[in-house]
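Protein chains: 2
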Amino acid sequence: MDLYQLTMAQAYLELDMHAPAVFELFVRKLPKTRLFLVAAGLEQIVDFIESLRFTSEEIEFLSSLGLFRTPFLRYLESARFTGSVHAMAEGTPFFADEPILRVTGPILEAQLLESRVLNIGHFQSLIASKAARCVLAANGRQLVDFGLRRAHEADAGVLAARAAFIAGFDATATVESGRRFGIPLSGTVAHSFIEAHDSEDTAFRNFLKSSCGATTLLVDTYDTERAIRRVIDIEHELASQGAPSSVRAIRIDSGDLAAQARMARGMFDAARCEHIKIVLSGGLDERSIEGLVAAGAPVDVFGVGTALDTSSDAPALDMAYKLQEYAGKPRRKKSVGKATWPGAKQVFRQYDDSGKAVLDRICLADEHGEGQPLLSQVLREGRRIGPLPSLPEIQRHCRREVEALPPALHRLEEGASTFSVLISDAVRTLATAVDAAN
Amino acid sequence: MDLYQLTMAQAYLELDMHAPAVFELFVRKLPKTRLFLVAAGLEQIVDFIESLRFTSEEIEFLSSLGLFRTPFLRYLESARFTGSVHAMAEGTPFFADEPILRVTGPILEAQLLESRVLNIGHFQSLIASKAARCVLAANGRQLVDFGLRRAHEADAGVLAARAAFIAGFDATATVESGRRFGIPLSGTVAHSFIEAHDSEDTAFRNFLKSSCGATTLLVDTYDTERAIRRVIDIEHELASQGAPSSVRAIRIDSGDLAAQARMARGMFDAARCEHIKIVLSGGLDERSIEGLVAAGAPVDVFGVGTALDTSSDAPALDMAYKLQEYAGKPRRKKSVGKATWPGAKQVFRQYDDSGKAVLDRICLADEHGEGQPLLSQVLREGRRIGPLPSLPEIQRHCRREVEALPPALHRLEEGASTFSVLISDAVRTLATAVDAAN
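Chain order of the listed sequences is A and B. According to my numbering, the first sequence is numbered sequentially starting from 77. According to my numbering, the second sequence is numbered sequentially starting from 77.
Among the hints, erroneous ones may be present.
Some but not every residue of chain A turned toward chain B, in silico, with C-beta under 7 Å [said to hold, decoys possible]:
#: 1; residue: 78
#: 2; residue: 229
#: 3; residue: 502
Under the rule of at most 20 Å between Cα atoms (straight-line distance), these lysine to aspartate or glutamate pairs were calculated in the EDC-like manner [what the hints assert, rightly or not]:
#: 4; chain 1: A; residue 1: 405; chain 2: B; residue 2: 277
#: 5; chain 1: A; residue 1: 105; chain 2: B; residue 2: 389
#: 6; chain 1: B; residue 1: 285; chain 2: A; residue 2: 92
#: 7; chain 1: A; residue 1: 410; chain 2: B; residue 2: 299
#: 8; chain 1: A; residue 1: 414; chain 2: B; residue 2: 299
#: 9; chain 1: B; residue 1: 414; chain 2: A; residue 2: 299
#: 10; chain 1: B; residue 1: 405; chain 2: A; residue 2: 274
#: 11; chain 1: A; residue 1: 410; chain 2: B; residue 2: 90
#: 12; chain 1: B; residue 1: 414; chain 2: A; residue 2: 511
#: 13; chain 1: A; residue 1: 285; chain 2: B; residue 2: 92
#: 14; chain 1: B; residue 1: 410; chain 2: A; residue 2: 274
#: 15; chain 1: B; residue 1: 410; chain 2: A; residue 2: 299
#: 16; chain 1: A; residue 1: 414; chain 2: B; residue 2: 332
#: 17; chain 1: A; residue 1: 410; chain 2: B; residue 2: 332
#: 18; chain 1: B; residue 1: 410; chain 2: A; residue 2: 92
#: 19; chain 1: B; residue 1: 105; chain 2: A; residue 2: 389
#: 20; chain 1: A; residue 1: 410; chain 2: A; residue 2: 511
#: 21; chain 1: B; residue 1: 405; chain 2: A; residue 2: 276
#: 22; chain 1: A; residue 1: 285; chain 2: B; residue 2: 90
#: 23; chain 1: B; residue 1: 405; chain 2: A; residue 2: 277
If you're looking for bench data, these hints aren't it; they were derived computationally from the structure. Computed from a predicted structure; not experimentally measured. Quick reminder that beta carbons are idealized off the backbone N, C-alpha and C, glycines included.
Bound conformation, chain A alone:
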């Protein structure tokens, strides 16, 4: 929570300002390397809102700051969010100015949600949007999240795996994400394991011996070609003993990945090891994945780490949580370059007969727009209305909705998104009326 949320909340309490407010979460402008974004994080936002409580230790700390008076500190002891929330389903593609979440409730309560709702929704939407590009670039090949180590602290590592899975990743190396969200886990072996042995050959054999089932070997510690020959020798030995194959894949993590993947594929195929798959990793992002696919590199799995978990080319979205209405009156700030559309809003997406999305229209919440309304109610009187979709359901929804976008949006080019997002006349009229009043 940011300090000003609390100082403002105290003022609302003392001023008896308890009328309902509408806040919306939206992105002002897309990064130039994003033609669409993907909404994610709703489940964690709902968890947060439902469980928002101030512990006595926290209230004691706030009391020690000398900024808060007793009635407000008392209020915090039983503070709950009692309002409603409407939101886009997780996995829905969205564009600039479109609310992905709308909070309606007493202004004090809605204000207390600001920073954390932003913090959750921003991060997972950021990562899902990046991951969606990797999925488009990989064009059907498998993708695994390897990013925990350079994610921004623990929460980011654990939740990046969730956001990436929503956008179509197949698995993660982060164990906690598997435990918490049921995401399939995938792992290989590190250079340190190879280096800890006096020979690479012994390292390979030892790792295979200790693995339950077939596994992946890392071949670029010293000399990739020599390592691949070792893998083939081991597979041939096992075959001659009638043992099942134990090498599922090899991983190459450095150097010219396309050339080495081709070399590996050629050597494996020539040695009747067609079953051994090729995993590539090492600083990959959607552009290098696209390049490897275009070059026809024979790759089965891409491991993506830092670029995914930090959304490295665009590590933040211009996302805001803004007051749109208070006490039944629309509100709008006019700050240069940061003006917002007032009023409680809904987004309608129109599809053509073939199921392709053709345009979005941002309307007032009580307008009857054409097409599919994208926001639906998830919380009423502070409690969730029903179960939220499962992660595999969200992943399927995301795949379907990203596929429904115009093909121009499936490319990795830079530039402004060409998707039409219209503002309804009613919203424009309201904005003019609000400006005239201030």
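For chain A, the structure is supplied; the task is to place chain B on it using the hints.
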């Protein structure tokens, strides 16, 4: 934790590989917009290592994966780190290839630390390094962290405040960082508060009334000049009633910040409101801060958010945790572009007579180098040796050590760092010997 840490650990257990290993944490290459980095996160790394435990729930989950056998799962029940750790003091500037942390212990245990130690050390060093540039740019003006909302999830928001404070920030808006680390808190008011009132004038008066002590008003919601006149009128009214000043500062968050700050300063000074300070925010980073300072903008406090908490121009460091020695033998990978210096190492920093740092030399841990050794022992047999420095002590150490860097490193220019980092002959000789052996 990454899955491969556990599969490798199982292999080490089954192979009876319990000899001591040395792993080091270091950055391969600085981002082109960093002339130096700042080590941070040691306290959280030490906390993590001391408290590393596997809960029965976690072990049950691992068991369900079908990848681990009973002896290893049993081992995890009582797994502890029993080795030692040497580290650079938090707040120490460092350069490429220099270990900032060295872990010595049974290879299985040291392997279990990998991803989380990287995850902690990477993030806080990333943010402290970014914050140090903001501090240099602000040239004595105050800096406040406003970044929670766009930090990558909760942990990142809370710990970014800590890392920024280490590098010289004065305060944060993130309440939890104040509670957990004792960092001074600072907050203002949001546009939503102004908009929730039917007039800006009422909003100002209401916020002042409810604040304990003097506070900050936000003046750019509608028309900055008009808002500043309102602030002056309110101050004059209070003065005429003999009341103390209640406006400590104003905040401007949009538009041409330099021009508006000058306008505000001029209006306040002309109206005998010299005591009102000016806070600027809104997408600031070290370059815009430097620009505002160079333009002579009369600013007292900069609020820095997204650019700080995401280190937006360089959202990741090329940091790695690598095996350098096992069973008394140095280790090194030769992967293209990722070769490492083998052996347990120490960094010596040499200063000239005026106290300026002149060069670093990376030596073997048992070499007697010239100058100040930068790594010292913090953990022995898995327990901390003594108390770690307090946050204010770390901040003072950082200020002193950044000031001691050559003036060329105090600039924001892009390019390779000009600081000399030498590799000792003993390290080079060892690398050659290791290569010859593989």
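Mind listing which of the numbered hints don't hold for this structure, in increasing order? The structure conflicts with hints 3, 11, 12 and 18, although it agrees with all the remaining ones.
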